[in-house]
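Could you slot chain B onto chain A? The hints should help.
Okay, here's what each chain looks like letter by letter:
Number of protein chains: 2
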Amino acid sequence: MEDGRLSTKNRTSVMIFGQQYTISGTETTEHIEKVAAIVDEKMSEISSKHMHLDKDEVAVLTAVNTVNDYLKLRKQYDLLEKQFKRLKD
Amino acid sequence: MEDGRLSTKNRTSVMIFGQQYTISGTETTEHIEKVAAIVDEKMSEISSKHMHLDKDEVAVLTAVNTVNDYLKLRKQYDLLEKQFKRLKD
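Those sequence lines, one after another, are chains A and B. Here my numbering is used: the first residue of the first sequence is 1, the next is one more, and so on. Here my numbering is used: the first residue of the second sequence is 1, the next is one more, and so on.
Isolated chain A (complex conformation) (with noise of 0.2 Å):
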């Protein structure tokens, strides 16, 4: 997924911390308003914390926090498909 003015693929419109942007990607349009819908979720957690926060710092918070969470998540797969390789043999 990227910003999309430059490409052909499926284009969608959200709207995320009070501005427009259009997103493409090959994903489906739900999708993308899912993925909008969670960002804009999380910066206005971020923000109400901590007030004193410029718009492009909460951005840049939301996605430390996202890509914290995934490493743990990919920590909890690989470890996950050892276990189901063990299993399998």
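The set of hints was computed from the structure by calculation and includes no laboratory data. These figures come from a predicted structure and were not determined experimentally. Each hint should be verified, as a subset may be incorrect.
Copies of the same chain look alike in the list, so a pair counts if it fits in one copy or across any two.
[As the list claims (entries may be wrong)] Taking lysine-lysine and the BS3-like style, the derived pairs with C-alpha atoms no more than 27 Å apart in a straight line are: (1) LYS82 - LYS34; (2) LYS49 - LYS88; (3) LYS72 - LYS85; (4) LYS9 - LYS75; (5) LYS34 - LYS88.
Chain B only, in chain A's frame:
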């Protein structure tokens, strides 16, 4: 992990896209630096592909991409967990 200026947890100062952030959490400094490096790389990648974007737009689209990656991994994890349970029973 969250913006740490109000927290008493382990605090790490990182540079992301030319700006300093203080991140706190129970994670190690090494882990926080790794997360920050991933976000910095993703922002640089999006920014170099779309030169017309402002910093806050780059940050929001980075957050969108990371949430999308997370949801994809979550789907894979749930699938693997189902297969694992089926094999175990």
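Evaluation of the provided hints:
In this homomeric assembly, LYS82 and LYS34 come within 27 Å of each other (Cα to Cα) only across copies, at 23 Å, whereas the closest approach inside a single copy is 31 Å. Taking the closest pair of Cα atoms, LYS49 and LYS88 never come within 27 Å of each other, the shortest separation being 46 Å inside a single copy and 43 Å across copies. For the homomeric pair LYS72 and LYS85, the shortest alpha-carbon distances inside one copy (20 Å) and between copies (21 Å) are both at most 27 Å. Proximity of LYS9 and LYS75 under a CA criterion of 27 Å is satisfied inter-copy only: 23 Å between copies versus 32 Å inside one chain copy.
With identical chains, the CA atoms of LYS34 and LYS88 are never at most 27 Å apart, being 35 Å at best within one copy and 33 Å at best between copies.
Hints 2 and 5 from the earlier list are contradicted by this structure; the remaining hints agree with it.
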